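**Q** For the protein sequence lines, the chains are A and B, in the order given. Using this note's numbering, you'd call the opening residue of the first sequence number 1 and step up by one each time. Using this note's numbering, you'd call the opening residue of the second sequence number 269 and step up by one each time.
One or more of the hints may lead you astray.
[As the list claims (entries may be wrong)] Within a straight-line C-alpha distance of at most 27 Å, the following computed BS3-like cross-link-like pairs (lysine-lysine) qualify:
{"#": "1", "chain 1": "B", "residue 1": "Lys813", "chain 2": "A", "residue 2": "Lys131"}
{"#": "2", "chain 1": "B", "residue 1": "Lys738", "chain 2": "B", "residue 2": "Lys300"}
{"#": "3", "chain 1": "A", "residue 1": "Lys131", "chain 2": "A", "residue 2": "Lys115"}
{"#": "4", "chain 1": "A", "residue 1": "Lys131", "chain 2": "B", "residue 2": "Lys738"}
{"#": "5", "chain 1": "B", "residue 1": "Lys813", "chain 2": "B", "residue 2": "Lys300"}
{"#": "6", "chain 1": "A", "residue 1": "Lys176", "chain 2": "A", "residue 2": "Lys115"}
[Said to hold, decoys possible] Sample of chain B residues with no beta-carbon within 12 Å of chain A, all distances over it, derived:
{"#": "7", "residue": "Leu303"}
{"#": "8", "residue": "Leu596"}
{"#": "9", "residue": "Ser599"}
{"#": "10", "residue": "Ile818"}
{"#": "11", "residue": "Lys823"}
Don't read these hints as lab results, they were simulated from the structure. As the structure is a prediction and not an experimental result, all values here were calculated from the model. A virtual CB, placed ideally from N, CA and C, is assigned to each residue, including glycine.
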Amino acid sequence: MDTPAISTTNLTRRFGDFVAVDSMNLRVTPGQFFGFLGPNGAGKSTTIKMLTGLLAPSAGRMEILGLDLASHSLEVKQHIGVVPEGMALFGRLTGPEYLNFAGRMYGLDRDTAAKRTAELLEFMQLDREPKKLITDYSHGMQKKLALAAAVIHGPRILFLDEPFEGVDAIASGTLKAMLQRMILRGATIFLTSHVLEIVERLCSHLAIIHQGKLVAQGSLEELRSGVRAVPANEHLPDALAGKLTLEEIFLRIVGGSRSNDQELSWLT
Amino acid sequence: MVDVAPADAALVSPDAGRQLRAIALLRWQIFKNSLRTMRGRLEAVSWIFLGFWFAALGLGGAFGIAVGSWWMLSHNRSDLLAALFWPIFIFWICFPLIATAFTEVFDSSNLLRYPLRYSSFFLVNLIYGSLDGGTIVGLLWLAGAAIGISVARPSFAPWAVLALAIFGAANIFLVRALFAWIERWLAQRKTREIMGIIFFLVIISFQFIGPLTQRAHRSHFQLPSYISQTIIIQQFLPAGLVARAIDGSARSDWLSAAGSLLLLAAYAGAFCFLFHIRLRGQYAGETFGEAMSREKLRAEKTETQSGWALPGLSGQLAATMEKEARYLSRSGPMLFALIMPIVVLLLFHMGGNPNRPNAVSHNPNLAFPIGAAYSLLLLTNLIYNNFGADGMGVQFFFVAPVPMRSVVLAKNLVHGGVLALEMFLVFLATYLMYGRPAPDVVAATLIGVLFAIPLDFSVGNLLSLYSPKKYDYGAFGRQRAPGLTVLASFGVQALTIGVGVVVVLIARHYGTLWLAAVIFAVLALASWALYRAVLGRVDGIAASKRESLISVIAKTT
């Protein structure tokens, strides 16, 4: 049996009395494009932060490529790339300076770092204004740069926290092209996103977290089957359940939205 | 046509008072919420301690000034009042610039999304910007002067209070205008370079003061006449004008008193106007980043350069050092702070009496150690808050396969390099302005710094992790250090200076300063051992403090 790319055992994170992630057992196989979904405040970012070393777990165990993250954090970090929530950019560097810096921090020699920097800047179409400071970049440019920095060392696993948030269609297309290329070459991608259509289109496997608990995990087909198993959805005919979109599956698993015409009546 | 009348009866025209109260409440809530964490509570306790220090300075000074002004008025020597008001003026203006750790310019730019009128924006900036140590101490001192004058001559009280109030307002406007304009000049490379050139021209021009004075002496130039000219000029500057306004009324020369008061009010108005010009620009949404025009950016398209290669250092260390150096070189305010030791040497030199060559103002053997100590003091803003300027980038250090001790070591190496450069500039400035310091003084000072710097690095590295604070390298005066850090740096500086004094006294007792160099060398070994021990623990501490560090440094609001 293959060593999982990512696996967690009873992973828990508490903030005081609040349990943000509750005994999570997650398993991601190498080569999967894995979507990690959940409503706001469900524990997605907390999980991804723990998996990338930005946050310590309160309890439980995490293994990346079979290595225990607690005891082998530096080895693990050599094999992963991360685009965290804040993108981890240094605003007062230029794009080329930042990519060069990132490459060398991941252990690339000077020449390789410079060569890959040039290639990535060109691929991401960020090579037109090399002297521009990152702080003056648009949001989409910053996302592209953060992704470029996360892949400059050729990671085996890529963690992306909301990579498509605030990104226009052109930049989004570039990002998706790069991610699909990585999957074809055997990398594993773990991403969180609120844009369910993108997740549905890109991801082969999914997990849904709700109120800190992992409530569903598997391929889209497996999730559709799982929806039928939820008592509230028992009335769903098989034919209809087989056509559910990811958004419908998601809403059925985590609960619907409120709608009351009388609420906020003062809004024009 | 679109109807813009409020659809909601609860929506009224924005009222400045209501908005100011809302901002005050916001700041109070932010403070109250900060007390929920241990770090916030420690911070509050630290500022209480620092508050005592400022209270002692403010109230002690106020008492002295009250006694002085009472004596002058009751002995009919109101003509000497300028001698009290000039130090107040100089402290008020220079303290915020020299001790930026105590100064915080209220950043109101994010309030502009609300329907804030310009008058409210101006008031918010003025009121919250004035809540710094220098202004509070200055106001206390002016209150002392008002009390002293009122006790000595009760009938003058209204006039004196009016004059002092205008003087206080002029100082407040001047400090705020200075901060606003310096920030604007430092925001862009071009204006920064112009400012740098002007500064160095001023430095060079001061080199001619000595020879010119000597020449004047040789040509039987009368020094008293030189001093009397200075006295005449100072009468037309704010501190001289307030003294003249009070002195004029004491001598019943109401024309002179009223004229001085009017001129003082004109100064206050002019400073207010200068402040207004900057704020008006900010209110209109102007920003001065390093951004170049698109055409220029495209024209500057270059080949991607390889990063730094530093002999004997790993690629990761070299990359972090390069990043730090680039950050520092793009920070106008930081570069401005780094020239302050030279400015202080210049001020000492200008303020001294050339007829007393052994005074601090003309003794290279004192100027060099003082410049070195001040250089070290200025670097504490950097050393004691290593990650402060990293912003979101701080996350990168935790996701990259690099031990945190390497990152911290790289930052220390860059800061050490900056100090070395600073020491060289101080030496050069001392040499040009004061003459060459003695070799034993140079050796004792340099080895003394080698003892002090690892101590600062050790405590600074710990505080950078335990008590971080986000600050913006691009904003002048918006980088007040955390209270805990200020207290700890005070402690370390006091210890260093105390040890330094004892070592120098021992060396003098045995008649040779070379002995001080030897003792400092022994102490430096112990200090470096401490540094190594702390550096060895950085990984563990960083892992345990990463959440608070990231949440503070990478926060967006």
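**Q** Enumerate the violated hints, using their earlier numbering and listing them in ascending order.
**A** Hints 1, 8, 9, 10 and 11 contradicted; others consistent.
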